[in-house]
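Q: Chain order of the listed sequences is W and Z.
So the first sequence is residues 530 to 690, counted in our numbering.
So the second sequence is residues 101 to 366, counted in our numbering.
Hints are supplied without guarantee of correctness; some may be wrong.
[Stated by the list, open to error] Covered stretches of chain W (in silico footprint by chain Z; criterion: 3 or more residues with CB under 8 Å from a CB of chain Z, positions within the stretch not fixed): (1) 540 to 548; (2) 588 to 594; (3) 598 to 609; (4) 625 to 639; (5) 658 to 665.
[To be verified] Between beta-carbon pairs, the in silico distance windows are: (6) W:Val-534 with Z:Ala-144: 35 to 45 Å; (7) W:Ser-540 with Z:Arg-328: 33 to 43 Å; (8) W:Glu-688 with Z:Ala-104: 28 to 38 Å.
It is worth saying that the hints were derived from the structure and are not from the lab.
Glycine included, C-beta positions come from ideal geometry on N, C-alpha and C.
Listed here are the chains, written in short residue letters.
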Amino acid sequence: MIEPVRGLRISVEINGERHEREVEVRRLLVHLIRDDLALTGTHVGCDTGNCGACTVIVDGVAVKSCMMLAVQADGSKIETVEGLAPNGELHPLQQAFSSFHALQCGYCTPGMLMSAKHLLDHNPEPTDGEIKRAIQGNICRCTGYVNIVEAIAAAAKGEIK
Amino acid sequence: MLLAEVQYARPSTLEDAVRLLGAHDGARVLAGGQTLTNVMKARAAAPDVLVDLNDLAELREVSSGAGLEIGAMLTLTELIRSSDVEAGRPILAEVASQIADVQVRNRGTIGGNICSNDPTNHLPPLMVALGATMTIRGADGGRMVDAGDFFLGVYMTAVRPGELLTRITIPAVGDARDGFASVTIGQDGTCIVNAAASVQDGQARIALGCVDAVPVLLTTAPDEAAVRQAVQSAGLDPPSDVHASAEYRRHLAEVVAVRALAEASS
């Protein structure tokens, strides 16, 4: 029989590295990632679940980390944008975003990349329509999305300049 | 954003979940969190205790027999991918795939969409049109409520404090044909008006969403003229907001009702 608590000691594996932290229940996953673990690649955009800048992959599933409590991630494996280039060598998606000018200010890019990775993990040969639906939860105010879709398509096909 | 202080429990049995909900005033179910987290950020709700249902595997099961039995904690993504749903009542997957975006569907649950009963949600009108039955569990055991009696008001359902929705039962498709239509703010965005239709035995059940606090059910002959007449005669008094005036919503209600019927008839 369990009783409610205000905080928990949790353990998460982020980009292959295990972290243990004591967190308050009210702490959002995005703040655990950014503030407690100093992985500031994951961004907070709208903080209302609309923009997708905080998208990370939890146990193989893309989620908006501003709509999940850190305590709910206990025991999970999390991928953030930092995990795309562990040795400093750009992930094919990152290279494609660079080559295709798929970003301008870059604020949405970490979330956009994680949504794109989630898509390609599950669907390695997406159509343009599938790419557009996959990034529907990620808002970009600079590019108009055309170059983002082209970059993801190129990364999927391995056609990166 | 920093949430207000809140306590948390993640029970591993349904009995424990019910006990926790009953033992704490201000306890609230945390399902997918895709609405509740934001409501808490906005301080529009301030639960004292969150009872997280994510460890209750029994609420994630889907089975098909006489009808389709869907656990309330099934995520929308799981609903879309379910072979039982595809075989049993594919309209559920079709509509679920129109809700928000990939990330929200990955966490958001069928029970959450139903129980939040935001008048712009997709699933409440669909549940009413399909004649779904909701199983509610509380300290006194379980009870079943027809979808038509389940939605009580804006954000209000028949689930009382200390209770939770555990299962949604959808009648077997039989020779029923279903449809859904909406006008949204952007592709797959928030609904301005929506309608679900189910046609069976020469009768159309059409449930309109976004035009009242709860879905409005119309039962008519399954032809366009009858549906138009039914919507016009329904005495709809929809809300006006930045997206649509009451008059325009009334117009759209007729449009989407006819489109939902057309999909069900095709």
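Q: With reference to the structure, classify each hint as holding or not holding.
A: A quick look at each hint next to the structure:
no. : hint                                 : result
1   : 540 to 548                           : violated (count 0)
2   : 588 to 594                           : holds (count 4)
3   : 598 to 609                           : holds (count 3)
4   : 625 to 639                           : violated (count 0)
5   : 658 to 665                           : holds (count 3)
6   : W:Val-534 with Z:Ala-144: 35 to 45 Å : violated (24 Å)
7   : W:Ser-540 with Z:Arg-328: 33 to 43 Å : violated (59 Å)
8   : W:Glu-688 with Z:Ala-104: 28 to 38 Å : violated (50 Å)
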